[in-house]
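J.: Given chain A's structure and the hints, the job is docking chain B onto it.
Going line by line, the protein sequences match chains A and B. What the first sequence shows, in this note's numbering, is residues 1 to 161, in sequence order. What the second sequence shows, in this note's numbering, is residues 1 to 518, in sequence order.
Simulated from the structure, these hints should not be mistaken for laboratory data. Positions of the beta carbon are idealized from the N, C-alpha and C atoms, including for glycine. Among these hints, one or two may not hold up.
To be verified - If you only want the chain B side, here are some residues facing chain A, beta carbon under 10 Å, derived:
#, residue
1, Asp19
2, Lys217
3, Phe300
4, Ala343
5, Phe435
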Amino acid sequence: MQQQGTQAPADIAGRTNAVIDAKKGLEGPLLPILNGVQAEFGFVPQDALPVIADALNLSRAEVHGVMSFYHDYRREPAGRHVVKLCRAEACQSMDGDALAARLMDLLGVGLHETAADGSVTLEPVYCLGLCACAPAAMVDDQVIGRLDRDKVEAIAREVRS
Amino acid sequence: MTARIFVPGDAGALALGADKVALALADGLAERGLDAQIVRNGSRGLYWLEPMVEVETDRGRVAYGPVAAEDVAALLDTGLLDGGDHALRLGDPEEIPFLKRQSRLTFARCGITDPLSLDDYRAHGGLAGLEKAVAMTPAAIVEQVTDSGLRGRGGAGFPTGIKWKTVLATTDARKYIVCNADEGDSGTFADRMIMEGDPFVLIEGMAIAGIATGATKGYIYLRSEYPHAIRAMNAAIAIARTAGILGASVLGSPNAFDIEVRVGAGAYVCGEETSLLESLEGKRGQVRAKPPLPAHKGLFGRPTVVNNVISLASVPIIMDKGAAFYRDFGMGRSRGTIPIQIAGNVKYGGLFEAGFGLTLGEIVDEIGGGTATGRPVKAVQVGGPLGAYFPRALFDTPFDYEAFAAKDGLIGHAGIVVFDDTADMLKQARFAMEFCAIESCGKCTPCRIGSVRGVEVIDRIAAGEAPDRQIALVTDLCNTMKFGSLCALGGFTPYPVMSALTHFPDDFRPRAMNEAAE
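The following block holds chain A by itself, in its conformation from the complex (with noise of 0.2 Å):
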């Protein structure tokens, strides 16, 4: 995988101008910018931050109190792998906590932390929306209901190979 951490302002700038580019015509751009950004990079680079201020004429600060509101945007790539585990309450009442813990167990990180060997973050999430098949999960893009033991079991397996 590409080493995301370490790239040189001048790339992470160039990257960020196409993104900028393709979404600086919609009203209120912000979000769609960093949307796109994280879509790019895997998460938002501090680097990125300065160009987007620059093009929408904001300050630093503003793009980054943006930034930093939303849950979504990491400051840091993920791992490989990005588990959303939901913790609401619909996955609370079907033994959410104790399935929560298993899988940190297996995985050996908490939530929103990622493997020391880069395999996988782990994230929580307050519902995906399939809570009549609760426990739920989303595994990059697949999407996992009524998680048990084995289906925890099988997603620690999945993101560690």
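T.: Only chain B this time, still in chain A's reference frame:
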């Protein structure tokens, strides 16, 4: 005619293996040289039967479920295409009691049609409402929506027609329709289902809202946690533009209207309308003080209608069938139908659209069939993370905005999460405070600080530190949050906390005492 086999592409069905079933079906059909088209429909909302496969036969549709990929070969060999017999055969899906008891108005097509087929949409009554609307005056459309009694399905229950009337009365050159698709409440998935299963109905509803108020631009603020809905809406909007439903001339009328999907970034508070508008403008999703109302000064300071997905998706049928048709469903001041989402620890979880007025007990025990674990129901949380926990003693409460308010609860976006007797209500109350602390926008003190203090006080109750004093403290704190917060996040977090405390006091005894008593 090529037979059509329906395998839902709804995220809930996918989470239960629908893609694998569709793949196995495609392979199985090819191997056997059978001619059939696989349609990825929405879900009917019977999630304990998902993936539910349906096949069109001479005698109507026949359903099978829950189908696993391993079942496909046997299903094909026993004559799936002719509705052949099999252990998973459910028969006519419309005769399944869970579906038969419903009044599907907003969800009339969901799970039946190909979500991205305009022909299917038209064949099942789609666009009839918009066709009538383009021939009416804006005031007449607004009057019809007002007369239907439709109230905001996002939770606040504000009359939709009144909101539209306010925007219609403004003279601004630019107005907006903003659809709130930031469905963040746990236990709710109606917005997701309709956007994935019948996206054209939302487009039609928004176009009608545009014509009724003089707005020419619509935004759907859609949460990032719903990638499937984002894809479906974007695809449907592109089709609607090509077909002249959106664009410079809606259905050939002089009205222009277009829609753009905007994806959120994981902030629960952006489901609050003013915070959503800030986010759309590219700012931190912080709540605005009201007034001014969004109807006067909303997006970019322009008059803006902010409606929930289900409110807007209910408009086409009101325009098509008339205000009285819709108003005749329901009870009291809660008119029409409500898509109830039955979720959590429940045997028959799914979407149940019915007129207002069913009791909570009917919904949980009769329709939901009790818990999935088979243990007794202890509590149900109604209306998402800001909704109250109801004990069995309140199961006679009818599903109605005012009746729930009278019991210190709310119906919210109509999600119901069932808990069995292993639930620890102190833990649930603590989570409500914790969630508020995680998601608070930070603008007002009662919410930002109160939620953090709330977690600490509840932890002291659990630890047995002067519990009576702590309970008095959390009660007082809830009072401050309820009346002092700017929006529903801080203002309604007291509902789950206080209902847990009021109805389940035993769970708030010090942990050591509880263990000694057992």
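J.: The structure should be examined with respect to each hint, and the outcome stated for every one.
T.: Do the hints match the structure? See the list:
no.: 1; hint: Asp19; verdict: 9 Å, holds
no.: 2; hint: Lys217; verdict: 8 Å, holds
no.: 3; hint: Phe300; verdict: 7 Å, holds
no.: 4; hint: Ala343; verdict: 4 Å, holds
no.: 5; hint: Phe435; verdict: 7 Å, holds
Of the numbered hints stated above, none is contradicted by the structure.
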